[in-house]
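Each chain, written out:
Number of protein chains: 2
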Amino acid sequence: MDVQTYMHGVGREARAASRFIAKAGTHAKNQALTVIAQALERKAKRLLEANARDLEAARKKKLDAASIDRLTLTTTTIEAMADGLMQIAKLPDPVGEIIGLKYRPSGIQVGQMRVPLGVIGIIYESRPNVTADAAGLCLKSGNAAILRGGSEAIHSNQAIAACVHEGLKAVGLPETVVQVIETTDRNAVGELITMQDYVDVIVPRGGKSLIERLMRESRIPMIKHLHGVCHTYIDDKADFDKAIRIADNAKTQRLGTCNTMETLLVAKGIADKVLPPLCKIYLEKGIELRGDAAARKIVPGMKAATEEDWYTEYLEAILSVRVVDGLDQAIEHITTYGSQHTDAIVTEDITRARRFLAEVDSSSVMVNASTRFADGYEYGLGAEIGISTDKLHARGPVGLEGLTSLKYIVLGDGHIRQ
Amino acid sequence: MDVQTYMHGVGREARAASRFIAKAGTHAKNQALTVIAQALERKAKRLLEANARDLEAARKKKLDAASIDRLTLTTTTIEAMADGLMQIAKLPDPVGEIIGLKYRPSGIQVGQMRVPLGVIGIIYESRPNVTADAAGLCLKSGNAAILRGGSEAIHSNQAIAACVHEGLKAVGLPETVVQVIETTDRNAVGELITMQDYVDVIVPRGGKSLIERLMRESRIPMIKHLHGVCHTYIDDKADFDKAIRIADNAKTQRLGTCNTMETLLVAKGIADKVLPPLCKIYLEKGIELRGDAAARKIVPGMKAATEEDWYTEYLEAILSVRVVDGLDQAIEHITTYGSQHTDAIVTEDITRARRFLAEVDSSSVMVNASTRFADGYEYGLGAEIGISTDKLHARGPVGLEGLTSLKYIVLGDGHIRQ
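Quick note, the sequences are listed as chains U and Y, same order. The opening residue of the first sequence carries number 1 in the numbering used here; numbering runs sequentially from there. The opening residue of the second sequence carries number 1 in the numbering used here; numbering runs sequentially from there.
The hints are simulated quantities; they were obtained by calculation from the structure and are not laboratory data. Take these hints with a grain of salt, some might be off.
It does not matter which identical chain is used: a pair holds within one copy or between any two.
As the list claims (entries may be wrong) - Subject to a maximum C-alpha distance of 20 Å in a straight line, what follows is the list of computed EDC-like cross-link-like pairs (lysine to aspartate or glutamate):
no., residue 1, residue 2
1, LYS23, GLU359
2, LYS45, ASP83
3, LYS268, GLU284
4, LYS43, ASP272
5, LYS62, GLU175
6, LYS23, ASP328
7, LYS208, ASP197
8, LYS273, ASP349
9, LYS23, GLU332
10, LYS102, ASP375
11, LYS90, GLU384
12, LYS237, ASP413
13, LYS242, ASP413
14, LYS102, GLU384
15, LYS242, GLU348
16, LYS285, GLU316
Required output: the full structure, derived from the provided sequences and hints.
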């Protein structure tokens, strides 16, 4: 069977299954999640065997250490997958929620009902745990899912899929509610992102090159995360201790996450005071600093930052540092070089805080808090499918609600339009 | 200057202007709307002269009567444009609204702030009043607008644009907040829908062929309205009088609107009783009926409906009629042939009403009310830029809120991630 025929078959099955999962009750969905979690733990040995096959192939292909690390399953990561599903089971069911039901002068009652999106296509790279996470989030939000994992994780993903199907079957739902693509043919992605009749939204989870390819080629709306060039701006009216604590945490608490600070902006009025102790902390923690001329004057030995640096999401132990005149230049810098992900100001001045909140056009804007807080769990969403840097639909961390939409409902008693 | 250079210039200006309009105060925006409304009325003569030039060209090109009707401005339609802008001025400002600000266990406060989308590209056909409406809605919601009207309305649109610019200037906003494309070169649309760096969302308002072209070619997310194949299902537990009243109103109150019923579904248990009097009403009002075999048996003389009829948005005095077994077959029919726009059930049975509300996947789902209510004004949105049949972002009538998005805001007091 050619890949187009195969993918269109998957699409048709998903569309059909989406009607069953959309009307599945809360109890059935939670029960399915519980059975999947139990199956993952019970079949841990089989999962590890499947994973071992993937790892062997990966080593033969000489994948780099980081990729192999992401690919590796352990009993701990399997338990974490099962725990994640149990967490999703405990979240309130978003489907069917009715909001804002109000009477209108005509006598009709108008409100909105939260409903699933339909069929969600998820494209991801090596981490097999995404298979369980994404399946769980789609299932709970009443959506059918088509999961396209990395070819290097094919055996692991299929083993996880078997557990997912066990859970669906246990509550009488079609196994096709969650389909994991069985071919490693790269053209499968091309088909998935153009099957407008079968797929309602694409959620890509992967590196920038994957996202950029999908942005060029997808004919289906996406909820996507491009990149995170996050800033912290230390205002000259910042509290010194808060500035140090936040700027330290935003960069060094974890280096490789999308909400990690990549550029530090410091007002010239406080730069002399705050940069020396802060840079001492960074250097002690092994962070390479790249500064503009003014920053290098205050902290000699810093490398010179290039224009390219201001645009760069390092995701490693490098930080660019710029001294700015004040709030206006900080906002200007963030607007020019930022990626509309997460940006923070440290200031005690409420007027400047209000301006920063209003004028910085990013998915998360913070006052006196570390950018590292930009996360579905920290925001109380319970779980996240990703962080959206788009403006339409969902912005910032996307939880169950981001996988739903609102339709209007109208209740009347024989009402007609005059 | 070639069209690409021109359009990219427009895009750059719009992006720059979007930052000014995003932070404009409520009073300034309302003042601008008021001045525009006054200018439209004061310059009515100039508008009618510009419109006369368009109409003359249209007649030479032998445009059909309906197009010429849509193109025509009168003192009444100019007053209506001005009134519309004053209505928008009276609506609450959506920008800056903060919702759901709550403390999290970590101590941070997390909420969402409503913000403009940025730059909105609107592509429409002959009606020049869209120029004023769309400019007003974008301005009030803090967005810059690039308006691309039909080439046949170019002089009318430019005359309206002059009034819009007068209003923007009066409050010190850049005129580039609203740009009306000055070229009739058809390639301008192709540029507009692919300038991802400058345009955040495309709102097309036009016929199906325009929308289908944009769906193929646009690289920018759209808020779009494809078509409206709306259904009314009369259940066998319907109240007879409500059924007649609603089915009559949904089809005949206005024939050419997207929320007009195109297909009537009647449960076989009530068809004998309800179809004869209802069809009498339709025939008296000049509606052509096209039925399935069962409907034609009850109302002889009805034309036979073809498979194509069930998919058709007539937008004229034609109605297709089908007798169904009951609720399941009605939902099945709507799922197969509908356009996810607006569908209604007439029933006194609460369980069936609840199932219809939950299972019909349309932007508006109604119980015992006419589909004609699917409208921004009737829903209390105050004004609408269109009705979205998309699932992501905005669904159903789209008002000011649909032209905004929600970003997360985080307030701390030196909080860091543990």
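Check LYS208 against ASP197 for me: Cα-Cα at most 20 Å, and say if that holds within a copy, between copies, both or neither. Between copies only: 17 Å across chains, 27 Å inside a chain, cut-off 20 Å.
Copy assignment of LYS237 with ASP413, given that the CA separation must stay at most 20 Å: between (60 Å within a copy, 14 Å between copies)
If the cut is 20 Å between Cα atoms, do LYS242 and ASP413 qualify within a copy, between copies, both or neither? Classified as between: cross-chain Cα gap 8 Å, same-chain 59 Å, threshold 20 Å.
Give the relationship of LYS90 and GLU384 under a CA distance limit of 20 Å: within one copy only, between copies only, both, or neither. within (14 Å within a copy, 38 Å between copies)
Taking 20 Å as the upper bound on the Cα-Cα distance, should LYS102 and ASP375 be classified as within, between, both, or neither? Between copies only: 15 Å across chains, 34 Å inside a chain, cut-off 20 Å.
Within a copy, between copies, both or neither: where do LYS23 and ASP328 come within 20 Å Cα-Cα? For LYS23 and ASP328, the Cα distance is within 20 Å only across copies (13 Å; inside one copy 51 Å).
Evaluate LYS23 and GLU332 at a C-alpha cut-off of 20 Å and name the case that applies: within, between, both or neither. For LYS23 and GLU332, the Cα distance is within 20 Å only across copies (14 Å; inside one copy 48 Å).
Can you tell me if LYS23 and GLU359 fall within 20 Å by alpha carbon in one copy, between copies, both or neither? For LYS23 and GLU359, the Cα distance is within 20 Å only across copies (7 Å; inside one copy 42 Å).
Go through the copies and call it for LYS273 and ASP349: within, between, both or neither, with a Cα cutoff of 20 Å. Answer is within: at 18 Å inside a copy they meet the 20 Å cutoff, but 73 Å across does not.
Alpha-carbon proximity between LYS268 and GLU284, which holds within one copy, between copies, both or neither at 20 Å: Close neither inside one copy (24 Å) nor across copies (80 Å); limit 20 Å.
LYS62 and GLU175: within-copy, between-copy, both or neither at 20 Å Cα: neither (35 Å within a copy, 58 Å between copies)
How would you classify LYS242 and GLU348 at a CA-CA limit of 20 Å: within, between, both, or neither? within (10 Å within a copy, 62 Å between copies)
Checked against the numbered hints given earlier, the structure breaks hints 3, 4 and 5 and satisfies all the rest.
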